[in-house]
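Q: Single-letter residue listing:
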Amino acid sequence: MSKRILLGTVAVLLVIASAYANFYIAPLERTMGALQKIFYFHAASAWAGMDAFFVCFICNLLYVWKRKPSYDWVAVSAAEVGLAFTTVVLITGPIWAKPAWGIYWTWDARLTSTFVLWLLYVSYLLLRSLIEEPDRRALLSSIFGIFAYLDVPLVYGSIRWWRTQHPQPVIMGGPGSGLEPTMAKVFFFSVLAMHVLMIFLIRERYLLEQTSSEVELLQREAEAT
Amino acid sequence: MKNFDSIFAAYLIGWGVFFVFYLTIAKRSSDLRAEVERLKTALGQKK
Numbered sequence: 002m003s004k005r006i007l008l009g010t011v012a013v014l015l016v017i018a019s020a021y022a023n024f025y026i027a028p029l030e031r032t033m034g035a036l037q038k039i040f041y042f043h044a045a046s047a048w049a050g051m052d053a054f055f056v057c058f059i060c061n062l063l064y065v066w067k068r069k070p071s072y073d074w075v076a077v078s079a080a081e082v083g084l085a086f087t088t089v090v091l092i093t094g095p096i097w098a099k100p101a102w103g104i105y106w107t108w109d110a111r112l113t114s115t116f117v118l119w120l121l122y123v124s125y126l127l128l129r130s131l132i133e134e135p136d137r138r139a140l141l142s143s144i145f146g147i148f149a150y151l152d153v154p155l156v157y158g159s160i161r162w163w164r165t166q167h168p169q170p171v172i173m174g175g176p177g178s179g180l181e182p183t184m185a186k187v188f189f190f191s192v193l194a195m196h197v198l199m200i201f202l203i204r205e206r207y208l209l210e211q212t213s214s215e216v217e218l219l220q221r222e223a224e225a226t
Numbered sequence: 029m030k031n032f033d034s035i036f037a038a039y040l041i042g043w044g045v046f047f048v049f050y051l052t053i054a055k056r057s058s059d060l061r062a063e064v065e066r067l068k069t070a071l072g073q074k075k
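Chains as they are written, first to last, in this note's numbering: chain A, 2 to 226; chain B, 29 to 75.
No wet-lab data here; the hints were simulated from the structure.
Just so you know, not all the hints are guaranteed correct.
[Unchecked claim] A short, non-exhaustive set of chain B residues, derived as facing chain A with CB atoms under 7 Å:
| # | residue |
| --- | --- |
| 1 | Ser34 |
| 2 | Phe49 |
| 3 | Lys55 |
| 4 | Gln73 |
[Stated by the list, open to error] With a straight-line cut-off of 30 Å between C-alpha atoms, the simulated DSS-like cross-links for lysine-lysine are:
| # | chain 1 | residue 1 | chain 2 | residue 2 |
| --- | --- | --- | --- | --- |
| 5 | A | Lys186 | B | Lys30 |
| 6 | B | Lys68 | B | Lys55 |
| 7 | B | Lys30 | A | Lys99 |
| 8 | A | Lys4 | A | Lys69 |
Given the structure is predicted, the values throughout are model-derived calculations rather than measurements.
Quick reminder that beta carbons are idealized off the backbone N, C-alpha and C, glycines included.
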């Protein structure tokens, strides 16, 4: 069995197991009831998305330093995957918010900074599509990616530094915060499942970028002959 | 189950996003592999 199929199978099995744990193992939350089940999916996706952007940031820095194309390939792969996870966060959040708050959206610090983060990485991908020369594209998008990542600490800190409509942190939120032990186990299991899915998707996207670079090389060779 | 429609929508749309994203990667990958083969054949004929 190839590494690709193995990783994909593990990711799918973990995701199914985490969905089962969310619905059948985690206890019902007292005030929100079953609606709170969205939290396991929403927050775990957010965590995996932020880590994908961190991978992108590190590879952007490494590209600027070493100028090795593979760093740029990992960076764009991680940016796209992070964007997919953040899209899920921006969709599941409002679906939870409507019955919980009575509104789908409000421009508070957490929601706004997350939306800005999404826009920044959409811009990162758009910028790449506008530059044809590979080295120039990699360098300019790496510099942009480094600045785009500055929004991630802002997203993390927004519910810690300011009063927001978004719930206060339950993980690393200081005294009084935290999850019931079974809920915490189920949540961290969901985080693990989402991270394995994230690694699988980044790997798949990286292979695509590798093939794309091969096409560019062959095209140049074809033009030269 | 109260709010079942919201929970169902969140999970369905969420997994839908990941599934569609994976499909786009698979589609782009298969198109590029076909392009590699086409270019290799064209270059082979030129040589």
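Q: Each hint needs a verdict: does it hold in this structure or not?
A: Hints, verified against the model:
{"no.": "1", "hint": "Ser34", "result": "5 Å, holds"}
{"no.": "2", "hint": "Phe49", "result": "4 Å, holds"}
{"no.": "3", "hint": "Lys55", "result": "10 Å, violated"}
{"no.": "4", "hint": "Gln73", "result": "10 Å, violated"}
{"no.": "5", "hint": "A:Lys186 <-> B:Lys30", "result": "24 Å, holds"}
{"no.": "6", "hint": "B:Lys68 <-> B:Lys55", "result": "20 Å, holds"}
{"no.": "7", "hint": "B:Lys30 <-> A:Lys99", "result": "13 Å, holds"}
{"no.": "8", "hint": "A:Lys4 <-> A:Lys69", "result": "24 Å, holds"}
Checked against the numbered hints above, the structure violates hints 3, 4; every other hint is satisfied.
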